[in-house]
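Chains as they are written, first to last, in numbering that gives the first Met the number 0: chain E, 0 to 320; chain G, 0 to 287; chain R, 0 to 529.
Simulated from the structure, these hints should not be mistaken for lab results. Everything numeric in this text was worked out from a predicted model, so none of it was measured. Heads up, the beta-carbon is just placed ideally off N, CA and C, and yes, glycines get one too. There's no promise every hint is true.
[What the hints assert, rightly or not] Sample of chain E residues at the chain G side, in silico, Cβ under 7 Å:
#1 L145
#2 P148
#3 F150
#4 L180
#5 L234
#6 N299
#7 L301
#8 V304
[Unchecked claim] Beyond 10 Å from chain E on every Cβ pair, some chain R residues (computed):
#9 P55
#10 D148
#11 F234
#12 L242
#13 N291
#14 L443
#15 N452
#16 R526
In case you want the letters, here they are:
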Amino acid sequence: MTARGWAFFLARRLAVLALLLVVVSFAVFSLLYLSPGSVIDTLLGTNPRTPAELSYLTSEYHLNQPFLTQYWIWASQAVRLHFGNSIQTSLPVTSEIRQRLPVSLFLGVYAYILTVLLGVGLGIAAALRRQRLADRGIVGAAIVALSTPAFVSGVFLIYLLGIQVRLFPVAGPGTGFFGELWHLTLPAVALALTATAYLVKHTRAAVIGVLDQDYVTFARARGLTASRVLTGYILRNALIPVVTMSGLILSYVITGAVLVEDTFSLPGIGQLLVQSATAKDLPLIQGVAMVIAVVIVLANLLADVALMAVDPRIRLGRGSR
Amino acid sequence: MSTAVALPAEITGAGRRRRRGSWLISACLVVVGVVVVMAVFGSAIAPQDPNAQNTFFILTRPSGAHWLGTDSLGRDVFSRLIAGARTAFLGPLVIAASSMLLGNLLGLLAGYRGGRTDALIMRWVDLMWAVPGLLLIIVVAGALGSGYWLAVGLLIVLTVPFDTRVVRGVTLEQAPRPYVEAARTLGVPDWRIMLFHIWPNVSPVAIANAFLVFAGSLTSLAGLSFLGLGVAPGTPDWGLMLSEGLQDLFVNPIAVLAPGVMIVLTATSMNLIGDWLQERLSSKGAAR
Amino acid sequence: MKPRRAATLAAATVALLSMGLAACSATSTPPSALANAPGTNAVIPQLTIGDDAAIPTLNPDKTADTVGAYGALESLIKFGPTGQIEPALAASVTQPNPATYVYHLRQGVTFWDGDPMTSADVVNALNYEREPGSEISSHFTGVKSVTADGPYTVTVTLDQPNATWESQVATFVVIFEKKFQQEHPATMGQPGVLIQGTGPLVIDSFDPTTGLQLSANPHWWGGQVLVKHVMVKLFSSETDEALAFRAGEIDAAHDVLNPRSFVSASGANLVSTPAFSEGYFGMNYEIAPWNNIHVRRAVAYALNRSDIIAALGNKAEPVTTLIPPNQLTQLGSQAQISALVNSLPSYPYSIAKARAELAQSPYPHGFTATAITIDFGAYTPINEAIAADLAKVGITLKLKLVSFNQYIDDLTGPRTLGGTYLTFNVISPDPSSFPSALLGASNLAAGGWNYANYNPAAMNTLLAEGTATLDTGKRLAIYTQMLKMLANDEPYVPLFIQDYNIALSSKYTLPGYTVWDELGAWVIDIRQAR
Chain E
0 MTARGWAFFL
10 ARRLAVLALL
20 LVVVSFAVFS
30 LLYLSPGSVI
40 DTLLGTNPRT
50 PAELSYLTSE
60 YHLNQPFLTQ
70 YWIWASQAVR
80 LHFGNSIQTS
90 LPVTSEIRQR
100 LPVSLFLGVY
110 AYILTVLLGV
120 GLGIAAALRR
130 QRLADRGIVG
140 AAIVALSTPA
150 FVSGVFLIYL
160 LGIQVRLFPV
170 AGPGTGFFGE
180 LWHLTLPAVA
190 LALTATAYLV
200 KHTRAAVIGV
210 LDQDYVTFAR
220 ARGLTASRVL
230 TGYILRNALI
240 PVVTMSGLIL
250 SYVITGAVLV
260 EDTFSLPGIG
270 QLLVQSATAK
280 DLPLIQGVAM
290 VIAVVIVLAN
300 LLADVALMAV
310 DPRIRLGRGS
320 R
Chain G
0 MSTAVALPAE
10 ITGAGRRRRR
20 GSWLISACLV
30 VVGVVVVMAV
40 FGSAIAPQDP
50 NAQNTFFILT
60 RPSGAHWLGT
70 DSLGRDVFSR
80 LIAGARTAFL
90 GPLVIAASSM
100 LLGNLLGLLA
110 GYRGGRTDAL
120 IMRWVDLMWA
130 VPGLLLIIVV
140 AGALGSGYWL
150 AVGLLIVLTV
160 PFDTRVVRGV
170 TLEQAPRPYV
180 EAARTLGVPD
190 WRIMLFHIWP
200 NVSPVAIANA
210 FLVFAGSLTS
220 LAGLSFLGLG
230 VAPGTPDWGL
240 MLSEGLQDLF
250 VNPIAVLAPG
260 VMIVLTATSM
270 NLIGDWLQER
280 LSSKGAAR
Chain R
0 MKPRRAATLA
10 AATVALLSMG
20 LAACSATSTP
30 PSALANAPGT
40 NAVIPQLTIG
50 DDAAIPTLNP
60 DKTADTVGAY
70 GALESLIKFG
80 PTGQIEPALA
90 ASVTQPNPAT
100 YVYHLRQGVT
110 FWDGDPMTSA
120 DVVNALNYER
130 EPGSEISSHF
140 TGVKSVTADG
150 PYTVTVTLDQ
160 PNATWESQVA
170 TFVVIFEKKF
180 QQEHPATMGQ
190 PGVLIQGTGP
200 LVIDSFDPTT
210 GLQLSANPHW
220 WGGQVLVKHV
230 MVKLFSSETD
240 EALAFRAGEI
250 DAAHDVLNPR
260 SFVSASGANL
270 VSTPAFSEGY
280 FGMNYEIAPW
290 NNIHVRRAVA
300 YALNRSDIIA
310 ALGNKAEPVT
320 TLIPPNQLTQ
330 LGSQAQISAL
340 VNSLPSYPYS
350 IAKARAELAQ
360 SPYPHGFTAT
370 AITIDFGAYT
380 PINEAIAADL
390 AKVGITLKLK
400 LVSFNQYIDD
410 LTGPRTLGGT
420 YLTFNVISPD
430 PSSFPSALLG
440 ASNLAAGGWN
450 YANYNPAAMN
460 TLLAEGTATL
470 DTGKRLAIYT
480 QMLKMLANDE
490 PYVPLFIQDY
500 NIALSSKYTL
510 PGYTVWDELG
520 AWVIDIRQAR
């Protein structure tokens, strides 16, 4: 694709991202508006409340304004990148997110790297040793990993590697690069288990599909060594599911980590999301939803770009691209 | 694919495979069969009332009276295990089937038609991914009240984009192939090409994916129970038993192990069956 | 075994084996009696404490209880071990008339930055906490004025005499530095800004995601602080806390709500003290079938308190009065109070009597209803136990899990629910605490907790009289009448009173822990075990 083609492609995608952000913010706002309870309940909890207090808080947070007015109040500030303050803590939304995003990103990228290394490695190994002991073992382990909920694998990892053998810490994100690396290893493994299992299965299937192809047989018949065959054809095609699923995996490990964050008491984006949704903290949840939307769309964009780079058929065979 | 060259053992093996694997598949079918029976008959075949509490026997270890011991309210774990099969099996089944139906249709359309259809569908997929699943579930559950079928519905909505993407990827691979070109030249209508020509080649992946989705949904529903968004409290349900029992892991581990083992066993069996189906289908229907 | 079979099974077995390891080594450690023993007076250099509450900010306007609990900010007065009022930042209190309190401040008290505490700081703090935007302002209604009558004298005038004023001051007032607040009007209490207080533990750093760091105040007016550094780590749930305890990452855990599970998962010792956390089942006077007196009495007979206490993990006492007996003892001797409680109409557990009552109602065979519960503490097992008890007389209670906010909203807003369980918590010795929060017309407005919609006219009179006089004899008579009314009508079935629990590693002890320490610095009372 020409440079101009790329430019158009990216521009279209970014325009779609902007539209997406509007839709997401409106959807989140509407759902929150519809759900029962109010943020005042979070603030006051079981404290008795006086009418003066109630009316003060209601007007302060615009809770008695009409539906669209409340949305507009938020949106008009948001386009100027003023996301307001969290109602619960009165801290700026941006600083709340800034405190938690690094942990989620670190954890997500760590889990992603583990997933790709293990997923592709084990997937290829299983396909090459198809029907043998190793294949069955890997596939079996993958299925078990797939079937184990994240909060369960977290607890067992804590028990085995945090309590029985005090190798890793069991809670908290740690400080400094190596501190974080050490603290986030168990959570990254717990998070990576499910994604790795998916990747192993898809990679294995893709490699088996490639191995069955004529051109592999032909290459072998021509006398190419196994490793040339492997790197030349198999790896390239085996990477397609990785690339197809990368967007998915990356979004999952960054934003879907709430169960793991809960188990390991990590202050991440996932927890912030759940917290702000149940507390009906509108500025905070909108900010978090925006960030997550951007992360996911960017991840999918990267995945699509990589897919086009890896598989020429997709790039050249579709006029619309 | 017959050639005169001696092929390495890893590449062929179709014949050997079918003979040796059948033992395992039979075992999986038995497991799934047992689970289905438990799901259908539930408490009717349980030895005791799954909801009968007895606070004198909280968290007892397995014994003659209670084969798997009791949970934190003194209820018989074995009976709850049997009664819990229903919610654990039914939901994922519905999710996998619905998501496969919708995801395949959309994926075929997107991959085959391309152009604006593809762009539209993929932007919808992107939108679904941009609204985080968990957020959607929490907020919708808050608005409409949490519940099992609501969670199932939401999981279907969240899984369809995944299926769509996978099927679209395979369809994109198939669409430029000669046989599709040939069918088009012969004047076969698009929908027939998609359903009867392309889909049989897509089906191994689609079906294997459906079984993967089943296993994934099983654990997702367990995760939702953990967050209190699944079945109502007190319902016998493997996911809920797992999350409730986790805090008492050190007192009666069986109360946690038993539902955990059932979840793993069921999901594993479904996956192995899915794999077997995929291999049968791909060696039959491949038009490479 | 053939290789293939072995391999597939082996993979599954790996998971099972690791779980099996858990089973083999699972022990349930009985709580040790040594957790209350007096310890040594050795200095404790560092304590790490776990807490699963959220600490959003240090600003007293925006959070009712967390800051005082770690001893950082103090009040003018405090509760002693039996709930009696004792001096704190106020060396003495005089009352020229029943509606006026004159606080004579302790001299020589300094804030952490070295500045002395004067009446200006106290007046500023009190006014700040009672302004309309403050979360705790509802506790200061009835305050007419707060004035400084000299550098160490503060006078508070109430609209009318109020027997609960002293408790409110001890519980909700915290004194911070005026100068600091005026320099940081919008950001006081936020991470990085923090706050200036007078307490034995100085807040060094704070962050809602990672917790608190505190260190001993070398100039504390109350004497030497033996605990030099405290780190408060925040957790998402008690299970995580328990596992971290077992892994040796924390030395103590605050406010354990699921004692049985925590002890078994963590191997910790538990220090418990009777508190005022009362659990009760309230029934809506305005909704059928709960509006029928026989239905309510049937429910009262059907609920088995020992069952429910076992479900919640023990560490609770059964109770039959809405006002906890250990608050009533403020107004009379133990013997008097026991006699009073025994004289009230009561509903001891009896399925037969429950069925008999139900037979006299329009629903002799029972009925079906929905009850909401939340994922907090032991609410769900308690609700399940209640449902199981009611099922025995034909009342089917379907449980529905809702969010915390929705729960509060349902109970304090439209009040269209039928029967609901609630644990209401106060830390106050005064017997008016529960009635003034739960009963009467004033609590029927939005935000009030009278979710049974129970509003007989006589009750309102009693409520007003109960706090308007300071005479203990008169008050006892008033509350006795109140309890009689409640027992006859049974809008709320009192179930139990829960203990406060603190988990401690065996290296430490916490002698003399009482519920009153929750409002102050219980942490500095931790001692090294012998």
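Verification of the hints:
no.: 1; hint: L145; verdict: 5 Å, holds
no.: 2; hint: P148; verdict: 4 Å, holds
no.: 3; hint: F150; verdict: 5 Å, holds
no.: 4; hint: L180; verdict: 26 Å, violated
no.: 5; hint: L234; verdict: 16 Å, violated
no.: 6; hint: N299; verdict: 6 Å, holds
no.: 7; hint: L301; verdict: 13 Å, violated
no.: 8; hint: V304; verdict: 14 Å, violated
no.: 9; hint: P55; verdict: 4 Å, violated
no.: 10; hint: D148; verdict: 28 Å, holds
no.: 11; hint: F234; verdict: 4 Å, violated
no.: 12; hint: L242; verdict: 5 Å, violated
no.: 13; hint: N291; verdict: 28 Å, holds
no.: 14; hint: L443; verdict: 12 Å, holds
no.: 15; hint: N452; verdict: 17 Å, holds
no.: 16; hint: R526; verdict: 26 Å, holds
Checked against the numbered hints given earlier, this structure breaks hints 4, 5, 7, 8, 9, 11, 12; the rest are met.
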